[in-house]
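Okay, here's what each chain looks like letter by letter:
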Amino acid sequence: MRAREILEQLREPWWRGVLVGFVLTLAFLATTVWQLIVIAAAVTGFLAGRGRSGAIRGIQAVGPAWFLWLLVLSALTPVEEVVVLLGSILGAGWGLVVFLFALIPIVLGLFCGMAGGYLAELVAERRPKPAASTEPAPSAR
Amino acid sequence: MPEGPGTARGVRAPDLGLLVLLGILWGTAFVFITTGLKSFSPLILVALRFDISAAVMFGIAALRGRGVPARPRGRKQWAAVAIAAVFNVTGYHALLFWGQQHTSAGIAAIIVGMNPVLTTVFSRAFLKDERVGAGGVLGLSLGMAGIVLLEAFSPGGLDIHGISELLIAGAILSWSFGSVLVRRSAHGMDVFSFIAWQSLAGAGILHATSLIVEGGGRANFDALGIVSLVYLAIVSSALGFVIYFTLLSRIGPIRLNFVSQIAAVVAATGGILFLGETLEVREVGAFALIAAGLLLVTQPRFLRSLKETYFTRRPDARRGPVNRSLAAKEIVSVAIAVTFVVLLSTPLGPLPPLGSLLNPNGGVWTVAGDASYPASKELRLAGLDGDVTILRDTWGIPHIFATTNHDLFFALGYVHAQDRLWQMDIQYRFAAGRLSEILGSKYIDQDVFMRTVGLERKAGIGLAALPPTDLTVQTLTAYSAGVNAFITRGTPQDLPLEFKLLGYTPSRWTPLRSATAGGLLAFGLSADFTDIELGLLTDALPPGAVDELFPVASPVPVPPIVPNGTRGGGLVIDPVAARDILAKARGLEPFLSPFRVGIGSNNWVVDAAHSSTGRPLLAGDPHLPFQLPAIWYEVQLHGGDYDVYGASLPGLPGVFIGFNRNIAWSETNTGADVTDFYRETVNPANPDQYWYRGRWGNFSVRPERIVVRGALDRTVTIRESIHGPLVTQHGESVAMQWTGNASVSSITANLLWMKASSWTEFRDALRLWKNPAQNFVFASWGGSVPASTIAIRSNGLFPIRNNSLGRVPMDGSSGDYDWTGWVPFDQYPEAVNPPEGFLASANQIPDGDRVPYLGWQWDPGYRARRINRLLNATIAANGTVSPDDMRAFQGDTADLAAEAFIPYVGDAAIRCGSVQCASALFALLTWDRRMEPDRAGATIWYTFITKFREDTFRDEWDRGNVSDLPLPYPNVLERLVEQVPNSTWFDDVRTPATVERRDDIIRRAFNETVADLGSRLGADPLSWTWGRIHTRLFPALSGLEALQRGPFVAEGDDLTLDPGAGLQATHGPSWRMTVTLGTPENSTTVYPGGQSGNPLSRHYADQLDVWLQRGYKTIAYPSTSSLPPGTLESALILRRI
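Residue numbers (this note's numbering), protein chains in the order written: chain G, 1 to 141; chain B, 1 to 1137.
Take these hints with a grain of salt, some might be off.
Residues from chain G that face chain B, not an exhaustive set, calculated with beta carbons under 8 Å [what the hints assert, rightly or not]: (1) G51; (2) V82; (3) L96; (4) L100; (5) E125.
Keep in mind the hints are simulated off the structure, nothing from the lab.
We put the beta carbon where it would ideally sit given N, CA and C, even for glycine.
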């Protein structure tokens, strides 16, 4: 199966691309190098095929994975205590911590997904337009 | 950019050889830039380089008979030369050379490798006949990703190295921009002339810039500098450009661009081989990304073939320019994402990189995971002799059971690191003058001062003098191995909270670090600067005032060795110099405070005959500043030669205060005078010389380089005279002589006395205890009353001074006031088995009769008087003292100063004009002298004595402009009150028409007290309870308020056995211990903190709650590796690999 066909399969329905990005995000988080999730978001956006939808798909892929990781951790350790402690250290309460924590995957998912989506559009522009059909339309007989 | 001839046929071997040669020349240029910067400042170096290059090119032209290179003609050509001079010569080289001061040759070359990418893309974007294709966009993105990789993963974040790399990135932007503008100008000059004139013009601009920015620059024409300069100017520049333009015509600009990649490889290799640089994975990755970007940008055919290979061949594929709108959106979204990633990867002010901090896997969340000890765990570690069992009880206290001394201290190092790693690290950094490395330029002054004192250097000297088989060396080595075993068993994600917040990782622990930490203890408890203060007071106050108000002997009658008032030979140094020294000393306080003695400590011991248990009792409570995590770390060590329990210091291998099966010990600070200051006469013609004993001598001079996070490194020059390091050269040069860091021998002493079983052995161990001088209280059982011993001994290193007491700074040039030796060990104050049946110390004067001068800053004596009174009274009433009595005494809050002063308040005929005043006076006079939170009398007393002291002395202090210097101790005021009611000190110098006496000031102070308390606490004096204004605060060592505890309502004051100095006390009993000899498992301890440094751990401050109630916990002191039922929280087995 050619690469293009694989790409087309991953693009539709929409959740397949998000799932790819979700899995990639989890994998990259496992490396502890959080910056790698930009790749996951970009891939998700590329699979979305367009800039705007890439932005949304990027958030949908990266955000839940980011939160899921912490959710699992909270089952094992008192993460909520860390939130409160960090909030008091920052001098603004736990709400700021939650806000900053949520901001990271949203912004990265948004712009990296968008970048992936626009790149997909740029690549798509280089594809040939489908040739006009010379076959007569089936006529009612 | 049109491709040159030959590209269609490929590159011929000779041209390939030239290409490689050019890469070598330009790659090695980065190495020579690094070496050249050691001798020249960056701008002057590049200016001289182009001076020589221009001279060479003009010279070549002259030799060829062409005369000077063809001058630019017309505005277009002059503009092109100017643009090239500004952007390609000045902008590019200035930023490159400036940035390469703080980054490696390899990284600089990698970043410069981005140059052709940018140049090509800029060309295509801004020149009408060029187009930016998808390949250009992708190539640029890859190149930028390479830059981001370099910066985002840089260990130091956007520190000076990161900033330097960004400067180099700015350099290539300048080059690329300049190249595009020059091409657009279409100037038509021949290449040789163009380069010659741009070099000449650029050199001129660079010299001017150097003059403005560098003040002319630094130029050291040493061998290395000359070689570097000549290589850069002639080999790299002149020869390099000749080869470059030769190749340009042969292989074209596209293939020629790859010389930058060759140069990067050469530069990195040269940096590794010749400059000791290292290459990280991220740098290799960055290089790969930039090279890939270059490929995509410059090889559109390659890109097309790539697409055709992996996608359907499309002979009818659409051609034409890329949708610019889409490309712009792509670039913008990439740029925003990159910016966000960089921001999240960079420390922003005091905040650490938020991305790393909040990373779900490995961020701050792991702190929660480390908050509790696993119930049971086994670890296999290298470096052990055998198995070690570490049992933690329900207080988190580790009981370590090992078979050898090595394993015992290995395990101690492990648990110290497990619980207090950051505390160990930050305290070491302070001692070594390395705070700036992690905290930035704000702490440079502290670091300079600590480097001047030289704790780490002296510790290193001490260690180096010991053979590898020495007990201390072996112990420190084992201890360090244990610390490092903890550090290396985890990942950076497992580090304590403070490391994550500050964004750094701990480096390996070494014996030197332990010895340095020991030096900090000595410095904090013995180095003091009151000589400077006395010197300033001597100058400011009337003659004789200092001797009267700060006497050598205590006003409590103790015959002094040296008569009161003998100052002898001191002089007053320049106030500028004095103030500079005090400012530096005060600047150390936030970090030195854990080891500073605020108001002293208590210890006492009762012999078996007077003990209710029939065996000696010992009590000790050292008073130190509070901090969380706590100063002390409670531990049991059982194995090898040791079976000891007590308080250890994280960073040091030993139990400093505690007991073993046979003996117990505790310490209070002697407070001896072991620091003197000397004014040195520096040679005005040579700052490295000073006058000493009739001739010019040389200072010992050494440079100290201080690495500063986020700023340029700073190098300071430390000068030391025969007396010690110069601690100031403002106004005058003053050297500080201190008994110094003998931490290594003190560690040895500790290791020896921990395994002592008798007073003889313990005393012998004290021969090695030099610093800080301590009053050691001791008890041993021995199996029977006659075999038991109690003892007390003031032990340290005490200098013998001739001609002076050294209480003020002295002239260093004559040598007349030098230290001439040390007080002999056998002359130290000591008492053994006294007839009274007890011994006690509370920092009071050790003994004024039989020993030479030891000092003068003794505690006022109120606590000493109180404990003596309590012990005498208890023995008189009950015949014996019990462990409960010992604990009650530690919590006693009777203020004997109040007992002394208040009758005089009653006799002062205070005329109260209000009910409030009368009520307050009644409350004071009927108060039971206890500083308890529910006592109104305590509040009135404390406020009164504070104001009384101020009203007596503040006027003279203000007049002398020494308001920031300490007032005399309360016992001095007591003597005046009792014996000199008409003392001139009571006279207010601000009221020359009136002569005030004692009672006048008493009345004034009392009225001020009532007014003050009434305005703050309300109208009813009976509601002015001490607890309303008196609290204790337990600050976090990190300074973070979120990690502190308190304030809590508190008892005590400055002068009570249970102290609470000031209205918000931040120091007091840092450890309370009562030991029952013979049955040490019945001993009790408590300290205001907890075992763990993790603020989320339940052991962070669990003992604090008990301590605040003046409670104690019973300890577990098993002799086998098991704890009493219900007391085991965690078991850790260390097994050797």
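Status of the hints after comparison with the structure:
1. G51: With a closest approach of 6 Å, the G51 (chain G) hint holds.
2. V82: holds (5 Å)
3. L96: Since the shortest Cβ distance to chain B is 11 Å, the answer is violated.
4. L100: holds (6 Å)
5. E125: holds (6 Å)
In summary, the one numbered hint that this structure violates is 3.
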